[in-house]
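**Student:** Those sequence lines, one after another, are chains A and B. Taking the working numbering as reference, the numbering of the first sequence is continuous, increasing by one, and the terminal residue is 194. Taking the working numbering as reference, the numbering of the second sequence is continuous, increasing by one, and the terminal residue is 492.
Just so you know, these hints were derived from the structure itself, not from any lab. Being a predicted model, the structure only gives us computed values, none of them experimental. Take these hints with a grain of salt, some might be off.
[To be verified] Quick list of in silico lysine to aspartate or glutamate cross-link-like pairs, DMTMM-like style, CA-CA up to 20 Å:
{"no.": "1", "chain 1": "A", "residue 1": "K53", "chain 2": "B", "residue 2": "D423"}
{"no.": "2", "chain 1": "A", "residue 1": "K168", "chain 2": "B", "residue 2": "D423"}
{"no.": "3", "chain 1": "B", "residue 1": "K432", "chain 2": "A", "residue 2": "E191"}
Listed here are the chains, written in short residue letters.
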Amino acid sequence: MNKVRYAMLIDLNRCIGCYSCQVACKMENGVPLGSWRSWVKQIEKGKYPNVSKSFLPLLCNNCENPICVTVCPVLASIKRDDGIVFVDPHRCIGCRYCMASCPYGVRYVNPLLNIVQKCDFCLHRVDQGLQPACVEACPAQARIFGDLHDPESEIAKLIAGSSVARVKPDMGTDPKVYYIGLDEEAVEKVEREE
Amino acid sequence: MEANLLYNVSNGETFGYMIAVYFYLTGLSAGSFIISTLGYGFGVEKYRPLGKPGVILATLLLVAAPMFLLLHVGKPLRSWHLFMWINLTSPISWGSYLLTLYPINCIIYGYFMFTGRAKLTKIFGLVGIPLALFVHGYTGFILAFGKARPLWNSSIMPLLFLVSAMVSGIALMILVAAVKDRFFSPERKVNKELVFDLAKILGWMIVFDLFLVVCEEATHLVSHQGAIDATTLLLTGKFVVPFLVIEIFVGKIIPLIVVMVPRFRTVPAVIAVSILAFVCILAMRFNVVLGGEYIPLI
Numbered sequence: 001m002n003k004v005r006y007a008m009l010i011d012l013n014r015c016i017g018c019y020s021c022q023v024a025c026k027m028e029n030g031v032p033l034g035s036w037r038s039w040v041k042q043i044e045k046g047k048y049p050n051v052s053k054s055f056l057p058l059l060c061n062n063c064e065n066p067i068c069v070t071v072c073p074v075l076a077s078i079k080r081d082d083g084i085v086f087v088d089p090h091r092c093i094g095c096r097y098c099m100a101s102c103p104y105g106v107r108y109v110n111p112l113l114n115i116v117q118k119c120d121f122c123l124h125r126v127d128q129g130l131q132p133a134c135v136e137a138c139p140a141q142a143r144i145f146g147d148l149h150d151p152e153s154e155i156a157k158l159i160a161g162s163s164v165a166r167v168k169p170d171m172g173t174d175p176k177v178y179y180i181g182l183d184e185e186a187v188e189k190v191e192r193e194e
Numbered sequence: 195m196e197a198n199l200l201y202n203v204s205n206g207e208t209f210g211y212m213i214a215v216y217f218y219l220t221g222l223s224a225g226s227f228i229i230s231t232l233g234y235g236f237g238v239e240k241y242r243p244l245g246k247p248g249v250i251l252a253t254l255l256l257v258a259a260p261m262f263l264l265l266h267v268g269k270p271l272r273s274w275h276l277f278m279w280i281n282l283t284s285p286i287s288w289g290s291y292l293l294t295l296y297p298i299n300c301i302i303y304g305y306f307m308f309t310g311r312a313k314l315t316k317i318f319g320l321v322g323i324p325l326a327l328f329v330h331g332y333t334g335f336i337l338a339f340g341k342a343r344p345l346w347n348s349s350i351m352p353l354l355f356l357v358s359a360m361v362s363g364i365a366l367m368i369l370v371a372a373v374k375d376r377f378f379s380p381e382r383k384v385n386k387e388l389v390f391d392l393a394k395i396l397g398w399m400i401v402f403d404l405f406l407v408v409c410e411e412a413t414h415l416v417s418h419q420g421a422i423d424a425t426t427l428l429l430t431g432k433f434v435v436p437f438l439v440i441e442i443f444v445g446k447i448i449p450l451i452v453v454m455v456p457r458f459r460t461v462p463a464v465i466a467v468s469i470l471a472f473v474c475i476l477a478m479r480f481n482v483v484l485g486g487e488y489i490p491l492i
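Whole structure, please, built from the sequences with the hints as guidance.
**Tutor:** Here it is as structure tokens:
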């Protein structure tokens with residue numbers, strides 16, 4: 001077992017759907033127009049007067065078994081020892097095979113650089129001991145980032161003590177973004193023409 | 195439960211048209227090569243006339259095919275990275291070597307064929323067969339390793355790609371045989387026997403192809419929700435015309451009837467259905483690639 005294993009926990013009971021994480025991520029990482037590394041999917045359910053909205057903040061799951069790393073032909077998608085998966089911008093040839101394989105649709109082609117990019121838990125910040133930009137920006141403190149393998153960390157305690165779920169764990173990727181109060185309806189609702 | 199999507203982000207298509215055309219061209223190349231080796235590699239005399247056009251087409255198509263890959267990738271000038279860093283678990287990484295070795299082998303094989311050195315031609319022809327199978331089989335692996343997409347993530351995919359490659363390759367060879375004999379031979383007459391022999395192989399390949407398609411779709415229909423959605427998209431959804439009508443009915447059932455029923459089997463009819471089969475496999479590539487990534491993941 002590695003010493004450090006970074007993960008994120010998103011408490012959806014706290015999420016107010018303000019999109020601060022989405023904006024903070026875009027600013028921090030210079031994400032171009034039309035692309036997003038992290039976003040808040042939103043659905044509405046039910047019929048008046050019994051209605052509700054569900055928010056689902058999405059980002060790269062930095063999987064334990066990342067299919068993107070398995071299929072990248074030039075080893076540009078790399079999983080670090082602390083579990084963070086990142087794309088080497090100097091090596092990526094933009095073949096999009098990782099995008100085609102990723103079950104979470106979190107990768108995009110940067111139209112200015114013509115390479116594939118994605119969320120990497122703001123590794124430039126994490127390496128300096130800071131929190132990822134989305135975690136720092138969240139006014140409701142719904143996002144908790146930390147080391148899963150440290151039993152004293154807030155995230156480890158919360159995951160151990162509450163009922164958590166992950167998006168598409170059946171894909172065998174062992175995603176490392178956990179949710180409290182995950183709404184399956186929000187995960188499964190996709191845009192489709194009938 | 196009634197639910198509406200209020201806000202979501204889509205990060206756009208991943209593979210798309212270029213990859214479908216690339217798969218089509220490699221399939222044609224592999225199919226033509228295998229027909230070409232029937233005469234010069236395995237020594238089946240009646241297929242010897244197709245040896246030379248077969249190898250020329252196999253080489254040219256395989257030179258053209260990677261051009262579509264270069265158009266697809268974001269950074270074509272970084273193609274050399276494929277040879278610098280090798281990932282043994284990535285089919286594209288295997289492909290970068292196959293796409294280099296296979297055309298080189300085609301050129302050597304063609305050179306010996308044209309200079310009339312029978313023994314060397316045979317050796318390079320037989321070496322080329324596994325290469326041709328791998329070069330097209332690996333494209334099936336590319337899709338099969340795309341685990342997010344139920345339509346692609348199927349173990350039958352490499353085999354389906356090989357069989358459809360044979361269908362399109364043989365259809366191309368029927369057209370080549372007909373055109374070559376009709377316009378460029380001294381008798382100016384189509385070699386009926388050769389065309390009908392090829393048509394019989396085409397028929398059996400279509401039977402095999404249809405069998406695999408039925409296996410795939412039927413299994414998907416009783417599988418998990420994603421697979422059911424992807425298959426209903428092909429069978430009753432947006433892809434019903436390109437899939438059921440064009441690919442299956444026009445491109446496979448009609449050619450199968452024409453080449454299998456002796457009453458319909460005439461030279462013009464066989465040529466016409468070869469064109470259909472030839473086009474249908476292009477539709478098949480589009481259906482698999484674009485249909486597979488049609489439904490958003492999240």
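**Student:** For a quick check of understanding: which of the numbered hints are violated here, in increasing order?
**Tutor:** Violated hint (a single one): 1; every other hint is consistent with the structure.
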